[in-house]
Amino acid sequence: MEYYISRIRTIEQEFGNKIPNPISKREYEKILEWLKENFGFDEFNDYYNFLSQVNGLSFNGLYLYGFQPEHPNIDLINSNIIWREHNWTKKFLFLGDDEISFYVWNSEEESFQILDKPGGDVMEEYENLTEMFEEALKIAAP
Numbered sequence: 001m002e003y004y005i006s007r008i009r010t011i012e013q014e015f016g017n018k019i020p021n022p023i024s025k026r027e028y029e030k031i032l033e034w035l036k037e038n039f040g041f042d043e044f045n046d047y048y049n050f051l052s053q054v055n056g057l058s059f060n061g062l063y064l065y066g067f068q069p070e071h072p073n074i075d076l077i078n079s080n081i082i083w084r085e086h087n088w089t090k091k092f093l094f095l096g097d098d099e100i101s102f103y104v105w106n107s108e109e110e111s112f113q114i115l116d117k118p119g120g121d122v123m124e125e126y127e128n129l130t131e132m133f134e135e136a137l138k139i140a141a142p
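Numbering (UniProt numbering), first residue to last: 1 to 142.
Among the clues, some could well be false.
[To be verified] The calculated lysine-lysine pairs, modelled on PhoX-like cross-linking and capped at a C-alpha distance of 20 Å, are: (1) K18 / K36; (2) K91 / K117; (3) K138 / K90; (4) K90 / K117; (5) K36 / K117; (6) K18 / K30.
Derived from the structure by calculation, the hints contain no laboratory data. This one's a predicted model, so the numbers in the text were calculated from it and none came from an experiment.
Using the sequences provided together with the hints, build the complete structure.
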């Protein structure tokens, strides 16, 4: 995952843009508190690994969520409030999206999944978040 984030950082710098800084420990504790409250997570190491490199990401139509209340399109909590408003979506922790997919953790099946947008059909399934995010990043920054 580091390779793709570094690649995106370089591309953005070439155009005079910056990607978000890594998350602070205090900000991560706020997310972890929300994750525990809503999904029972005591820790989420793969997600922390991502956030310790970049606190959310928007690139080439891909949105991977972080703790960015001032940027709702890449904010984990705000995005989940929006996406989880329907009964069929309550079991998902939405971690990102793009034009055709949602990147989620399915709390009932305890697996990471790429869902078809908007139908919700499972397109791919992963054992961990890192593998799922790497797949998304490969498409956004080949």
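Hint check results:
1. At roughly 31 Å between alpha-carbon atoms, K18 and K36 are farther apart than 20 Å, so this suggested pair is violated.
2. At roughly 16 Å between alpha-carbon atoms, K91 and K117 fall within 20 Å of each other, so this suggested pair holds.
3. Between K138 and K90, the direct Cα distance comes to roughly 28 Å. Violation of the 20 Å bound is thereby established for this hinted pair.
4. A threshold of 20 Å between alpha carbons decides the hint, and for K90 with K117 the separation of about 15 Å falls inside it, so the pair holds.
5. At most 20 Å may separate the alpha-carbon atoms for a hinted pair to count; K36 and K117 exceed this at roughly 26 Å.
6. With a CA separation close to 24 Å, the supplied pair K18 and K30 exceeds the 20 Å bound.
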